[in-house]
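Model the placement of chain B on the given structure of chain A, informed by the hints.
There are 2 protein chains.
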Amino acid sequence: MNCKEVLNIKAKEIDGYLEQYLPKQKEYPSEIFEAMRYSIFAGGKRLRPVLLLSTCEMLGGNSKEAIPFACAIEMIHTYSLIHDDLPAMDNDDYRRGKLTSHKKFGEALAILAGDGLLHHAMEIMANACVENCSEKTVKAMQAIAQGAGVYGMLSGQVVDVLSEGKEIDEKTMYFIHKNKTAAMLQGALKAGAILAGATKQQVEMMEQAGEKLGVAFQIADDVLDITSSLEELGKPVHSDEKNEKNTYVTIYGIEKSKEMIQNLSQEAICIFKTFSKGTFLAELTQYLIDRKS
Amino acid sequence: MNCKEVLNIKAKEIDGYLEQYLPKQKEYPSEIFEAMRYSIFAGGKRLRPVLLLSTCEMLGGNSKEAIPFACAIEMIHTYSLIHDDLPAMDNDDYRRGKLTSHKKFGEALAILAGDGLLHHAMEIMANACVENCSEKTVKAMQAIAQGAGVYGMLSGQVVDVLSEGKEIDEKTMYFIHKNKTAAMLQGALKAGAILAGATKQQVEMMEQAGEKLGVAFQIADDVLDITSSLEELGKPVHSDEKNEKNTYVTIYGIEKSKEMIQNLSQEAICIFKTFSKGTFLAELTQYLIDRKS
Numbered sequence: 045m046n047c048k049e050v051l052n053i054k055a056k057e058i059d060g061y062l063e064q065y066l067p068k069q070k071e072y073p074s075e076i077f078e079a080m081r082y083s084i085f086a087g088g089k090r091l092r093p094v095l096l097l098s099t100c101e102m103l104g105g106n107s108k109e110a111i112p113f114a115c116a117i118e119m120i121h122t123y124s125l126i127h128d129d130l131p132a133m134d135n136d137d138y139r140r141g142k143l144t145s146h147k148k149f150g151e152a153l154a155i156l157a158g159d160g161l162l163h164h165a166m167e168i169m170a171n172a173c174v175e176n177c178s179e180k181t182v183k184a185m186q187a188i189a190q191g192a193g194v195y196g197m198l199s200g201q202v203v204d205v206l207s208e209g210k211e212i213d214e215k216t217m218y219f220i221h222k223n224k225t226a227a228m229l230q231g232a233l234k235a236g237a238i239l240a241g242a243t244k245q246q247v248e249m250m251e252q253a254g255e256k257l258g259v260a261f262q263i264a265d266d267v268l269d270i271t272s273s274l275e276e277l278g279k280p281v282h283s284d285e286k287n288e289k290n291t292y293v294t295i296y297g298i299e300k301s302k303e304m305i306q307n308l309s310q311e312a313i314c315i316f317k318t319f320s321k322g323t324f325l326a327e328l329t330q331y332l333i334d335r336k337s
Numbered sequence: 045m046n047c048k049e050v051l052n053i054k055a056k057e058i059d060g061y062l063e064q065y066l067p068k069q070k071e072y073p074s075e076i077f078e079a080m081r082y083s084i085f086a087g088g089k090r091l092r093p094v095l096l097l098s099t100c101e102m103l104g105g106n107s108k109e110a111i112p113f114a115c116a117i118e119m120i121h122t123y124s125l126i127h128d129d130l131p132a133m134d135n136d137d138y139r140r141g142k143l144t145s146h147k148k149f150g151e152a153l154a155i156l157a158g159d160g161l162l163h164h165a166m167e168i169m170a171n172a173c174v175e176n177c178s179e180k181t182v183k184a185m186q187a188i189a190q191g192a193g194v195y196g197m198l199s200g201q202v203v204d205v206l207s208e209g210k211e212i213d214e215k216t217m218y219f220i221h222k223n224k225t226a227a228m229l230q231g232a233l234k235a236g237a238i239l240a241g242a243t244k245q246q247v248e249m250m251e252q253a254g255e256k257l258g259v260a261f262q263i264a265d266d267v268l269d270i271t272s273s274l275e276e277l278g279k280p281v282h283s284d285e286k287n288e289k290n291t292y293v294t295i296y297g298i299e300k301s302k303e304m305i306q307n308l309s310q311e312a313i314c315i316f317k318t319f320s321k322g323t324f325l326a327e328l329t330q331y332l333i334d335r336k337s
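Residue numbers (our numbering), protein chains in the order written: chain A, 45 to 337; chain B, 45 to 337.
Next comes chain A alone, as it looks inside the complex (with noise of 0.2 Å):
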């Protein structure tokens, strides 16, 4: 099998638990459930959960633990792609070939489905540590909240959203790339890892392979953006120019852009090649940079 069928595999096996953690609901609040599983089972690649789960196996953790916090950092990933679309911040139509959340059920809703997510995700990871309380749970379940955070994703959003139409430099680019990207991807290597009972030298590893990975991942983003077709990426193309955006292709162009992926995606590959089971890892990097939407 190549890499490619190994991560559907997994990511078929994240839909199902999706599923137990969020079911459809006939009474009140079924909207809100209808909402959230509609962004939730919208077809995303489940990166950030196989992620997690990955680095967990490969350490020789039990995944099972770690399956309520896979679930939770794909809800948060999920609640920030509905916000990011919203008409006040990229007022994107169309998000994996389909309408988007405030396109399909209005504005409000959009906004509460996001929050619902982020919520839900709070409660799977609470719920967690109270069924196993242990150093390695709430450890988990910090790291995906930094991650996710003020000082984490959140802060990337907020100088991408403030940088729109302006002309930034180079560390405010990486800076953007770092915490919007990167940080969750880094969030789901570490929990991972503590998850596995990891050393502290191990989670710093991964920690550092998050950051080389999700920035390389975002820069293959802003290529694909240039040099994709709508119905190869199921997002309108060209919709960072349209709204302005700042990405490496607008600062360095798209050779120096190739250039950068390369680097940052060997320096990953390395990392994950110290491990002896590391070899999935390796190679979901070089796909994800490789890929074509």
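Identical chains blur together in the list; that is why a pair holds if it fits in one copy or across any two.
Computed cross-link-like contacts, DSS-like style, restricted to lysine-lysine with a CA-CA straight-line distance of at most 27 Å:
no. : residue 1 : residue 2
1   : Lys289    : Lys148
2   : Lys89     : Lys56
3   : Lys56     : Lys336
4   : Lys56     : Lys148
5   : Lys148    : Lys210
6   : Lys68     : Lys210
7   : Lys89     : Lys142
8   : Lys70     : Lys215
These are calculated hints, taken from the structure and not from any lab test.
Leaving out everything else, chain B in the frame of chain A:
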């Protein structure tokens, strides 16, 4: 000292803790901290953190351990107000006599400031659970997450938004108030009790009291919206009417609503008075339903 004076002193203490958890930032992302601080320090009563800390004290707990949870619950409450006020929701220009977040900072930053406060609450609680990993801390976090989440506060907000402009029955009205308002007060009382090491029965009693107090408090708010003036209330009066909102007053009329406030608050007071140190919470309940703003 009367109850209002005690409440003010406690609120000032909480302001000091909030200042520590939400300091001014000079570097990225300073703007989001400015927006989060603007709403947090806009002059709230600090009711939820006061309830949490007072319950913890009443039951013989160490309220120092409870401070991060008290700050987290105030941040969650403030986030919910910022999102409630958005144009897609209640579209309010004023809150507590000051411009609402989106009027002051624009809609994008207001959405993100709300998100940021929810993220930050999660992070503060996770940090507290790491610092002091125990059944008490994780269960307190769970109580707050549940009170705020998709089966708590958020579900009330969803049904409230979906009911605008429609006639709703008593059951739905109760659902909204119980969840939108009471669930977080229940979360505060429950978390305070858990952190004090209360028995299961004591925790359940506080949950009961929270429901009664919360619904009474919200009906009092409905009545104030009709009877108070802008100057007293700090936000436009008759805003419910403007938004075609269902309230206890539109369903039951003012007299019957006042009767319900009395009955519910007395039930809460009875519960508080069964505790030897329950006087403050009993007096606070009375003060809250008698308030003029």
